[in-house]
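Asker: Respectively, the protein sequence lines represent chains A and B. If you count the first sequence from 1, you need to add 19 to reach my numbering. If you count the second sequence from 1, you need to add 19 to reach my numbering.
Among these hints, one or two may not hold up.
Copies of the same chain look alike in the list, so a pair counts if it works inside one copy or between any two.
Taking lysine to any residue and the SDA-like style, the derived pairs with C-alpha atoms no more than 25 Å apart in a straight line are [what the hints assert, rightly or not]:
| no. | residue 1 | residue 2 |
| --- | --- | --- |
| 1 | K240 | N106 |
| 2 | K98 | T357 |
| 3 | K35 | H25 |
| 4 | K149 | A189 |
| 5 | K176 | R224 |
| 6 | K318 | G58 |
| 7 | K104 | S271 |
| 8 | K240 | Q105 |
| 9 | K98 | K149 |
| 10 | K318 | Y295 |
| 11 | K35 | R224 |
| 12 | K50 | K98 |
| 13 | K35 | T225 |
| 14 | K240 | T82 |
| 15 | K62 | L250 |
| 16 | K35 | G280 |
| 17 | K251 | I73 |
No lab work stands behind these hints, which were simulated from the structure alone. All of these numbers come straight from a predicted model, not from anything done at the bench.
Number of protein chains: 2
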Amino acid sequence: MLNYTHDIPTVIHFGKGQISRLDESLRPYGKRVLLAYGGGSIKKIGLYDEVMEILNKGGYIVTELAGIEPNPRIESVEKGVELCKQNGVDVILAVGGGSTIDCAKAIAAGVYWEGDDLWEMVTSKHGTLKALPLVDILTLSATGSEYDGGGVISNMKTNQKIGKSFTFPAVSICDPTYTFSVSKYQTAAGSADIMSHILENYFSRTDDSDLADGISETVLKSVIRNLPIALKEPDNYSARANLMADSSIACSGIPAYGKQGTGWSCHAMEHQLSAYYDITHGVGLAILTPRWMRYILRKDPSCTGRFVRFARNVWGLDGEDEQALAMAGIDALEAFFTESGIPMTLTALGIGTEHFEDMANQANGGGRLSNAYVSLTCEDVVAIFHDCL
Amino acid sequence: MLNYTHDIPTVIHFGKGQISRLDESLRPYGKRVLLAYGGGSIKKIGLYDEVMEILNKGGYIVTELAGIEPNPRIESVEKGVELCKQNGVDVILAVGGGSTIDCAKAIAAGVYWEGDDLWEMVTSKHGTLKALPLVDILTLSATGSEYDGGGVISNMKTNQKIGKSFTFPAVSICDPTYTFSVSKYQTAAGSADIMSHILENYFSRTDDSDLADGISETVLKSVIRNLPIALKEPDNYSARANLMADSSIACSGIPAYGKQGTGWSCHAMEHQLSAYYDITHGVGLAILTPRWMRYILRKDPSCTGRFVRFARNVWGLDGEDEQALAMAGIDALEAFFTESGIPMTLTALGIGTEHFEDMANQANGGGRLSNAYVSLTCEDVVAIFHDCL
């Protein structure tokens, strides 16, 4: 078990009606609020009106940043930073899914960035020293952005999608009823994202971190149990609530405590797909993950034991032939994604081979995948992309 | 799944050598430190010298409070508060197990208590408004006091042992190597305490909180796997590390997220045993828990399903007769405690029936156990005590 530091200052108010905590969550920070949100779904479900009523009643001065993209772009960050500076914003309120919260985190840090170019902040190796306080209201169970410090920002000019630690939310209001109206497609994609956050840590060379592995298996089994219910009964509170709780823990770093780093291979590869084709992140992960699994299991049979554990503890499979059992676990994962309605090939998304080499080079930038759970070269990444066609 | 708020501000530095973070952990709060510790085991393992070297090098002004009792007493709290006031202490550094940390929490809050009588603070229904910052170095895996806000203080004059939320540690340094020298008896008792913190939440009327139940089963299985290793090989790092991580999560409240309250029946009963006989808390819990389980299973068959889950998911048992399976899980728990070397009867501790009625009345003070997982009367508690003889 390796050393780690647990340092997550975020307060979560979880459950029905927790928006009643919004005023007390914002109040310590000041009156000038940047209200950040996405494409308007929060208006459709009445959440925008509810938020505005609370803000107006509380005497807050609101500046709006609407239209944050599903893969949030550097231009939105620039716009947000400008609005904060112009209006002397005290606190950012992000209402939406991971993209909105990620963008808000970058804005919060960007306000104090001393350079001219905010893309330099995103690509810089330096950590954030100071950021505006951030409160969020979550409307999608997926990225875990409500309980971590990271954000992923895209630059469509350079075909780059880069994750960085900006700042933790001070408060996240997680009300599962706000996800009742999320489409089947986005519900499934979000769940694939949750599972991927777990799997990227679960497949590690450390075998003795009981808590991390047990929490990982718990979250995977919870998604396997609750996603089909949420797809069938979109307003099943219990299913939506479990998916939301799973979302927060999955990307918190807790499932990695005590474990050796793993390279997050599928995220490294998927970020290229999103950067080049602007696809839904969770869909890209669902397509890549089983192919990556089969590829590394062939390449390095020493990871068979971990795949056997995955098949046994997560899927409840059994059998004496370890190789067959390992493969059966991967097959079960792919079948689960397929049954959840996720298009499971790149071809189905209209993606061909034309950028495979460039994307592989970027995924493996600086040779970062050579230290992955199973070391990958650019040729390996291209081969995995081909397996996804 | 019920609503909850997650708000744990404590930073944990976990692993070998994390004492290197001590200076940076104290520094933000000031130079005047109250160093609180217990019976001197920290001197035997060299930790006291190591801490003093860091404090001296950092130019801290140290006031010592030594000799905090295993069931920390109100007199120690009074002494600590006086020392803090006399010396203008800025921050408390607690080095020890849960008792030392609990006492330090009460001192931290007590410094700002406006009344004359600190026992009134402990028994008061009012929460802590302000407390001195607290940093701790953990030396025993048991109470989880390193990652919660609560403390339990005893008053031997009134035979009361009362738990209350005082303040969270700002930083906990959790280095498993400091537990290598913990005796087999205390290692087993600490593990029983960890398991009890889980079991008090696990047996709840809420069945759909996947994360809470999965984390609970993970911690129980981890203790079942690692305690025998730690007893056999006291310096097995991996076993000690897992028990320490289990300790922190078990009492954090996280295993109760989304779940209905349960009354913490075994803790309510055990606190009376400790208050009257000053026994080791974990030993009292180990004795009570299987007897409580059999009693409530007989009293209310509607909890059979949960006991069957316990037998299956925690002990890996199976069988068609649900009642037999439920009992087998309880038997497995009792056998595990026995094999761990815990004296499993009150008689073995020299406790007779003389105070059973008084203790039952106090355990059920204000009828609090009528809202337990299975409602208990004073007569029920007396009967459970008898089953423990």
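Asker: Check the structure against each numbered hint from earlier and tell me which ones fail, lowest number first.
Answerer: Those not satisfied are hints 1, 2, 5, 6, 7, 8, 10, 14, 17.
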